[in-house]
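Student: The primary structure of each chain is shown beneath.
Number of protein chains: 2
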Amino acid sequence: MKTTLIMSHPYFEDSRVNRALFEAAKGVPDVSVRHLEAIYGSDTRAFDVKAEQDLLIGADRIVFQFPMFWFSVPPMLKAYMDEVLRGKFINDNGNSKLDGKELQIAISIGAQESEYSKKGSVKFTLGEILLPLQLGAYYCGMTFNRIFAAGGALGATEADIKAHVQRYVKLLRNELEEDEYQI
Amino acid sequence: MKTTLIMSHPYFEDSRVNRALFEAAKGVPDVSVRHLEAIYGSDTRAFDVKAEQDLLIGADRIVFQFPMFWFSVPPMLKAYMDEVLRGKFINDNGNSKLDGKELQIAISIGAQESEYSKKGSVKFTLGEILLPLQLGAYYCGMTFNRIFAAGGALGATEADIKAHVQRYVKLLRNELEEDEYQI
Numbered sequence: 001m002k003t004t005l006i007m008s009h010p011y012f013e014d015s016r017v018n019r020a021l022f023e024a025a026k027g028v029p030d031v032s033v034r035h036l037e038a039i040y041g042s043d044t045r046a047f048d049v050k051a052e053q054d055l056l057i058g059a060d061r062i063v064f065q066f067p068m069f070w071f072s073v074p075p076m077l078k079a080y081m082d083e084v085l086r087g088k089f090i091n092d093n094g095n096s097k098l099d100g101k102e103l104q105i106a107i108s109i110g111a112q113e114s115e116y117s118k119k120g121s122v123k124f125t126l127g128e129i130l131l132p133l134q135l136g137a138y139y140c141g142m143t144f145n146r147i148f149a150a151g152g153a154l155g156a157t158e159a160d161i162k163a164h165v166q167r168y169v170k171l172l173r174n175e176l177e178e179d180e181y182q183i
Numbered sequence: 001m002k003t004t005l006i007m008s009h010p011y012f013e014d015s016r017v018n019r020a021l022f023e024a025a026k027g028v029p030d031v032s033v034r035h036l037e038a039i040y041g042s043d044t045r046a047f048d049v050k051a052e053q054d055l056l057i058g059a060d061r062i063v064f065q066f067p068m069f070w071f072s073v074p075p076m077l078k079a080y081m082d083e084v085l086r087g088k089f090i091n092d093n094g095n096s097k098l099d100g101k102e103l104q105i106a107i108s109i110g111a112q113e114s115e116y117s118k119k120g121s122v123k124f125t126l127g128e129i130l131l132p133l134q135l136g137a138y139y140c141g142m143t144f145n146r147i148f149a150a151g152g153a154l155g156a157t158e159a160d161i162k163a164h165v166q167r168y169v170k171l172l173r174n175e176l177e178e179d180e181y182q183i
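In the order they appear, the protein sequences are chains A and B.
Here the UniProt record's numbering is used: the first residue of the first sequence is 1, the next is one more, and so on.
Here the UniProt record's numbering is used: the first residue of the second sequence is 1, the next is one more, and so on.
Chain A extracted, bound-state conformation (with noise of 0.2 Å):
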């Protein structure tokens, strides 16, 4: 399975927790991985609409990494979705481009992933919060696999985020069990 991961971090210089995975992520097979940031900068108009596509079709699995802010993607990662999806790119035949394929989500999140639930101080799941991703996938004729979740960002120890990192390569390497998933 080709996996396509697409890292957006809008502040990367203060990471910790993703650019562990990101680090992690790109040591394993059949994995290739893109920096938003790094490639494009902060401009939103900049992408390679058509090399970014042509990586998307090779791919498929397509993971959104991204640490979670306001309840939602980086600005870049929206640009991207924006800018490379638009109209998921459809075939002559009418049908997506994407469709079929995979799409992870993958996020580092400040509060522990147990607030993230109607007992939890934000009341919500991240499945309800990040509906707008899954419906997209869903737009696109793609899987919407199961979330990664990274909690517990802000503090986290070197131990923490070992753990996390351990969990994520088991992720793209498709030996994720289900209950660990959440940690």
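Because the hints were derived from the structure by calculation, they are not lab data.
On a predicted model such as this, the values are computed, not experimentally measured, just so you know.
There's no promise every hint is true.
Said to hold, decoys possible - Here are the simulated lysine-lysine pairs, DSS-like style, with alpha carbons at most 30 Å apart:
| no. | chain 1 | residue 1 | chain 2 | residue 2 |
| --- | --- | --- | --- | --- |
| 1 | A | K123 | B | K97 |
| 2 | A | K119 | B | K101 |
| 3 | B | K97 | B | K26 |
Unchecked claim - Beta-carbon label-pair distances, calculated as ranges:
| no. | chain 1 | residue 1 | chain 2 | residue 2 | range |
| --- | --- | --- | --- | --- | --- |
| 4 | A | A38 | B | K88 | 22 to 32 Å |
| 5 | B | D30 | A | N95 | 47 to 57 Å |
| 6 | B | K162 | A | N93 | 31 to 41 Å |
| 7 | B | G155 | A | E23 | 41 to 51 Å |
| 8 | B | K162 | A | A38 | 39 to 49 Å |
| 9 | B | N93 | A | A111 | 17 to 27 Å |
| 10 | B | D54 | A | N93 | 46 to 56 Å |
| 11 | A | E175 | B | K118 | 33 to 43 Å |
| 12 | B | E178 | A | D30 | 53 to 63 Å |
| 13 | B | Q112 | A | E178 | 19 to 29 Å |
Ideal placement from N, C-alpha and C gives every residue a C-beta, glycine not left out.
With chain A's structure known, arrange chain B on it following the hints.
Tutor: Just chain B now, kept in the frame of chain A:
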């Protein structure tokens, strides 16, 4: 009631509905309008954070006006949230400086608003889809007003646009009736 209206549109040059709404908003008393892309271009890191924060502090109501693409806000509006609302710019006493203000979402959508329902093609309501903005408002201590939508933007006739504009001006004047939010 003083209103600061933040409009963001990644492709304003192609806009019909948002352009008409924005032009009409300029003439409403006590409404100050800002077009993010006209001021800051497409650079997500170009914001004058202090100036933007001062404009929000001076308002009783904040309006985010935008076309909904990929079930979410435009990239420059998301960047605005990340950069300007960062840390909800906490007071010395620990409170949000946005505490008690209203957040009003005003969107255009290509499909008819009726599609955004359990029975419609999207299967989810605009309230469910825009939950991230509601949670963001609550996080800042703001009231989240009922969402204003201009549906059917794709293929809207001049008469459709005129009707949307009339409703929008009433909304901004605080004269919109409950049954006028949807048409």
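Student: Next, verify each hint and record whether it holds.
Tutor: Against the structure, the hints:
no.: 1; hint: K123/A x K97/B; in the structure: holds, 23 Å
no.: 2; hint: K119/A x K101/B; in the structure: holds, 27 Å
no.: 3; hint: K97/B x K26/B; in the structure: holds, 26 Å
no.: 4; hint: A38/A x K88/B: 22 to 32 Å; in the structure: holds, 29 Å
no.: 5; hint: D30/B x N95/A: 47 to 57 Å; in the structure: holds, 50 Å
no.: 6; hint: K162/B x N93/A: 31 to 41 Å; in the structure: holds, 39 Å
no.: 7; hint: G155/B x E23/A: 41 to 51 Å; in the structure: holds, 48 Å
no.: 8; hint: K162/B x A38/A: 39 to 49 Å; in the structure: holds, 46 Å
no.: 9; hint: N93/B x A111/A: 17 to 27 Å; in the structure: holds, 23 Å
no.: 10; hint: D54/B x N93/A: 46 to 56 Å; in the structure: holds, 53 Å
no.: 11; hint: E175/A x K118/B: 33 to 43 Å; in the structure: holds, 37 Å
no.: 12; hint: E178/B x D30/A: 53 to 63 Å; in the structure: holds, 54 Å
no.: 13; hint: Q112/B x E178/A: 19 to 29 Å; in the structure: violated, 39 Å
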